[in-house]
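Relying on the hints, combine the two individually framed chains into one complex.
First to last, the sequence lines map onto chains A and B.
Okay, so the first sequence: first residue is 1 according to the working numbering, each after it adds one.
Okay, so the second sequence: first residue is 798 according to the working numbering, each after it adds one.
Think of the hints as simulated: they come from the structure by calculation, not from any bench.
Take these hints with a grain of salt, some might be off.
Unchecked claim - Subject to a maximum C-alpha distance of 25 angstroms in a straight line, what follows is the list of computed DSS-like cross-link-like pairs (lysine-lysine):
1) Lys119/A <-> Lys911/B
2) Lys335/A <-> Lys97/A
3) Lys335/A <-> Lys290/A
4) Lys372/A <-> Lys354/A
5) Lys354/A <-> Lys911/B
6) Lys752/A <-> Lys762/A
Stated by the list, open to error - Chain A stretches covered by chain B per the calculated footprint, using a threshold of three residues with CB under 8 angstroms from any CB of chain B:
7) 141-148
8) 199-208
Since we're looking at a predicted model, the values are computed, not measured.
Cβ atoms here follow ideal geometry from the backbone N, Cα and C, with glycine treated the same way.
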Amino acid sequence: METVAFYSYKGGVGRTLLVANTAQFLAMSGRRVVALDLDLEAPGLHHKLASWEVLDRAESGTLRGVVDELLNSLRNQPDDHTLRQIAINVDLPSGTKGSLLLIPAGSAPSHAYWAALEKLNVSLRERRNGGLAEALLEVQARIADEFAPDFLLVDARTGITELGGLATSVMADRVVCLTTTAPESVGGTRVVAEALRAAPRLSSQKPLRVEFLITRVAAGSTHSDSVSKIVQQLGGDASVLPHDSEIANEERVLSGWRSGQSADSDNEDGATQLFAATLSWIAGSFPGHKEDADKARRRMEAVYRTWRDLTRSRGRNAWPVDQLRERVRVEYGKKSRQADIVVYDGPADATGAKPLMIIEYVDGEDRDVVAKWWLSETGVAVVAVLSENPDRRLYSRRLSLDSRARHSDRWDLPLPHDFKALSDPTDISVDAMLDAVRRGYPEYLEQIITKWVSCSGASLLHAGTSWKPKAAKRIIDGLARVDHVDLAREVLWTASRDSLHREWALGDGDEGLDEQVVAEFFVPLLWRLPPEASIELMHGYRGQSLYGPPAGLVAVAQLARDMLGLRYDPDASFRVEGQRILDRAGPDSGTDRHSGLYALTSAFKHTEITFEISSELSPRASVATEGVTSIVSASIGTRSLVTTGLLGDYQPDLGRVILYSASISECAEKLALRARHVGSVTLIHETLHALMHLGRDLDGRMWTEFALPAANSPLFEPSWFHETLAQYFTYQHIVRLRDPALLHAFEVISEKQAPAYRTWRKIQHLPIEDARSWLMSVRRGTGSASPIAHMLSTSLE
Amino acid sequence: MNASLFTLTEDELDTLVSIAIRRAEVLDQAGSLMANDAWREVMTYEERLAAITPPDEIPGGIARVGAVTAALAAGQRQEASRLALQYRDEESLPEERRAAIERAFREDGEQLAKRFPALAKSGKFAELQELRRRSAVTPLRVFPKVA
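For reference, chain B alone in the conformation it holds in the complex (with noise of 0.2 angstroms):
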């Protein structure tokens, strides 16, 4: 994470947050490439937020529950279970926001199923998607050198 993101204040993350999820719907429904970057700013504010705002409190669940879907909807699915698995750790995040995080991986999921039917079918999908949570590194780079 930039440095400087550590100088702004709640207000000012909010903001950028505003800003940064109306570009990543816009560039969404354009069907830019560019989308994807978006959606992974819009998750460096919302981790950023959540990490200082508390658990229990409404804005620091959004946060989390935000960068858990920013993070799915940028296609990095490594990076969204390992934010989930640090949010699910804390024992004041409420209920309805862990709801909301299993949630977003589950349509998440049942959206890349329909993309993948023969996949789904097969069962080898969900193996997929709980080899991923399991790996500590990217799980399906296989080579030492693969950037």
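One chain only, chain A, in its complex shape (with noise of 0.2 angstroms):
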């Protein structure tokens, strides 16, 4: 039995939790080892590495532990009782060949312990009795009698004390020094190794040896110059362990222990910078069985991935720490196993907490096997079987179990919502994640996004992957149906994000990637989702990219250019403009800043529309005295339906598109329509005659006087041109978006108006290119001479 006591001179340095992981390690490595808690004045080795039922016996001051037995000797009460009884069995994963027991200082922080350590203390100056060093070492030698260990490691006590000076010299074959790079604790770690190293030993003992540990180094400076003066100040021959504020926080390493890294973490280098170095250093400190302690790490390394998974900030979503509980026995009838990691459905010390997940890393059995067990003893949802192998395999009752069990196509692991969201949390198949995004959860958005990369060859990233239209476009229409405004808003802001936010950042060569989601994902459900929450993104709400324009202006630009065949940028426009009054301005008007700045900010005032959904009514219905519903019955009756300026505007006067929600759903009530519908509808009709007016030519050219009066002025009235071509382009960007619900609006509706907006049907297989002809001509005010504008108007007639 080799004895190793970890001492520091002062606290703070880790020391606990480093006995603990290294007795933890060295067990799944194969050793049989023992863990006495020595610091007595503060004990919190059973923090780390008992129970909770141990820890309950521990606050009701029912647990015994070193100090029961220091003092049992002391005062010649010795009863017959073995070590055994107080030693606890850590439990360890299913298979380990090795074992760690731990002997904890007593019922700390109970009452009870205090009072026995008191008592210790009056025993110990009752010196004929015999002393510390008496007691500490029959403790250490019935130890070896009882367990034969291959390692006893004790946790000292910090500062100078008897205990501590004990602890580390009569009874240790080597003593492991932790120190931080504080000044303070440096030097007296130097004085107390000086002491150590000259303090008496048995006759049977080799010298003492001490290491050094330095700890809490800030992550990057481990090799720094103040570091390495250091190590030379101890010797020259010190490990260094990088600092790490989750630890210092929440005192987790490896796993084995109940608390656990917390989901804002600040430091993920770090942390994982500290995880390899604490297993590096314990299996070059504790040279064994090369292949056992590779299995060992390997398992603690797939269990702590597996926490940092589950805890890690992934937005809102990650599991709280709370809700999880690491090495769980589960007892069924005569057969037991451990879960490596437990996920529960609230805190998990709160009564009556149900497990949700079970996560186990299966060594040597069939996981298949393992997973089954699970799913039938303890009425899991979801079992996840970590292995060697990095593939991680995700199981549900919902699959079958009639023979082996068949795990998910999931490999990630469910997170709260998935146990809400979905029926089968392992289950996130695109259908099932579209319900759910239905069902109002949008945390599945970004993964269906993902998924439409990968099935529509938007990304080279996924060049490898299979090109899916059809699924493309199943995702594009599932998400369509989302018919409540907010989690539609939810929808086009994630998908209008730029990929800096995005779990699938670009990679090299994919720069391209944001905007072909914006265009090809983004921009058709902006038409199709409910306009209150589209209108929202046209104005650049939350949809602002950091490098790019406002996606919901990428759409409104898309139109203009795929459908008309012009340029929409406000941002042009505004340079072309003003460059061009301050040419008319010429040479003297040059000193008047202001007036030059005036005119040009006038003169973009209209160029870029504007979006609004107004509640008030509309010219037409505003001017009737028999009101919004009799008027619109009466439009639908008589066929005489019109959109501008009833259903909805375009204001040229102020760049305003305007929808009247009145109007609109008295309308899709007569006809048996959705609102949001015919809104859609309303909308694309009157951005056309928004862009019709306020799109330049490939060349540049602004026709700013095609634009239709206001339907408030008494100059209006429909013009079978404009809406004509307003309607066509409707209609075809409509089909293009392959929309059938939309479309069925746009007919119905269309079947109910006026000529003027029936007249598209005679032109509605003319391609785009002559009917953006005609649109040219129209503006350049020869459109009434075109062969297109003589067969309308004859077919008018």
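Rendered as structure tokens:
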């Protein structure tokens, strides 16, 4: 038995945690280990290693420990019990060859413990019964007799005390001195180390080995000059462990301890470095059977990574640490298994907390069989089986358990919302996620977009995956069915964000992915989702990209380009108009910059389209005495329904597109349509009006006189030129959107509209290029002489 | 040792040691924590008596054995070892007194060995005794500042 004492001159260096980690690792590597807590004034090793049941006993004052043993020895009251009766068997994973026994200090922090400690101190003053040295060596000898461990690891008292001195001298074969880089800690450690080396030894003992470990070194500074200097001060042979703020808060490095790293990790690299450095130090400091150590290391790493995956910040979706527990043994009948992590439906220590998910690292067993056991015996919804193979398998109750359990296609671990939103938390098929989104769980939007990217071949990153256009369309169609405005807004917002915010961040050569997602995913949804949501995004609401124009602006520009063959770019318009005004102003006005800027601002003022949904009455409804219900009914009944002026409007003087919600609702009700579809059709129609007015030819020319007068103007009357073009392009756009509900709404509305709104049917099969040419000629004022105009006017007559 | 102790005569010391022994025995039987101090007081008087009486005379021999056994009873094993070493060096100390001192150590060891059976079985108990004997200063106090 080798006795290794862990000592620190000052507290807060991570000593107890290192004892626990080392004990755990050695036991998992096949060694027999006893961990002894001799930090009697501030014991804590049981908090790191023991189960909740043991902690409950400690709290209630019924946990016996080394203080009771020392007291019995000194009082000459030895009873006939063995140390095995107070040693706590630390539960290790199934199949572990080694063992780990913990001898706690006692029932700390209960009142009973402090009373026992006081009695011990009194007894120590009665030295004729033997001193602390005899009592400690007696405990050590009994440990050797009863357990014959390979290692006795001692958590020694901080500072300079008799107990600490004995634990680190006559008891120990080796002392690990931990220190931070603080000068007082390093200085004290050096003095203690010198005293330890000079301390008397029993005649059978070899010279004491003293090792140093510098802890809590800022990540990235482990090889700095200042640390190297400290290493030299300590004799040149000191190891270094990096600092990690999570550990400072939560006291967790390796698996096996209940407290966990917080979800809002601020130092992922540091935590990883500390994990690796700690394992490396233990393996190097306690050389043994390499294969067993490697196995233990792989297991710890797998469980550690899993813990991180569960609690790492993934927006607001990570598991709260208090819902997780590590090392839980579950017994059913004669069989039992130990789960590495159990995820509960609420705080794990709450009465009635139910396990949702079991996670076990399986080594040397059939993973399917293990999963089947958990699912059938515990009734949990999900089992995750980890293994040496990085492949992680998920199983759920939904899957057939008739013969061998089948594992899910899902690899990543389900998060809290998966258990609420999905009937099977392991099923993240497109349909399941779309269903969840429509039921109010926008958490799946990023994953859905990622799926769309892979199906649509939009990303070079996914060039190797199969192109599935039908699946890509099904995703967009599924999202387009979202009715709830807030949810629709969330869909658009998620789709419009630049990829800096996405998990699937752009890789090299994929710089165009953002634009492609906006153009092919966001834009179709913008026109198809409820206009209440779309209009907010058109104003750049939360869709403002860091580097590009707002996605809503892109959508409008895309409509202008793809349908009308025009350019819509308010920024460019501003520049062009500005230059034109300055050129016109001539050299004399160059000094009057304010005048120039004023003119520039005025000229630009209404070149950008704004959008609004108005609850006020439309111009037509407001002048009618019979009210909106009657006027809509009458219009439908006489096939004289108009879009502009009743359902919506484009106000050229303000550059504003308006939807009138009351008219739209009334119209939808009368025509048995959904208001959102009537609204979308109106939005497209009026936006096209606006673009025909504000869009520029490819040579940059703008035809500002093209717009209809405002609907509330005495000059206003429906123009069959304008409306036919607007309706034709609306139809073409909806056809391209491939939205049957929207197309149905457009056709039903059109059937009830005034002739100017129905003429488009005469040219519905006209190629878009021809319609664009006609638009050009109309803008130039020669449209009425074109063959198309002639055909249409004849038809109208 | 207190300076006033040096002014006491042998008779006075005899009286005091008799009273101290009686008090220590009573406190011992009562299981009082003060027994330790009482035996230390006995040790002090016996040590002084040994200093003023020759080793080859009966009072001197008794005082020497008494000083060692009182030190052991007080749990002052380091002190007992020092005294025993000092008295063994006195050539005129009768053999039976030497044997008595050795017996006191043996009995104390046996008693402790019963209390710490695993330690005794491991052989480290004897090593610990030996370590205490060979150490000139308080042997098991490792750190420099320990009181």
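These are the hints, each one checked on the structure:
{"no.": "1", "hint": "Lys119/A <-> Lys911/B", "verdict": "holds, 21 angstroms"}
{"no.": "2", "hint": "Lys335/A <-> Lys97/A", "verdict": "holds, 18 angstroms"}
{"no.": "3", "hint": "Lys335/A <-> Lys290/A", "verdict": "violated, 31 angstroms"}
{"no.": "4", "hint": "Lys372/A <-> Lys354/A", "verdict": "holds, 19 angstroms"}
{"no.": "5", "hint": "Lys354/A <-> Lys911/B", "verdict": "violated, 53 angstroms"}
{"no.": "6", "hint": "Lys752/A <-> Lys762/A", "verdict": "holds, 16 angstroms"}
{"no.": "7", "hint": "141-148", "verdict": "holds (count 4)"}
{"no.": "8", "hint": "199-208", "verdict": "holds (count 6)"}
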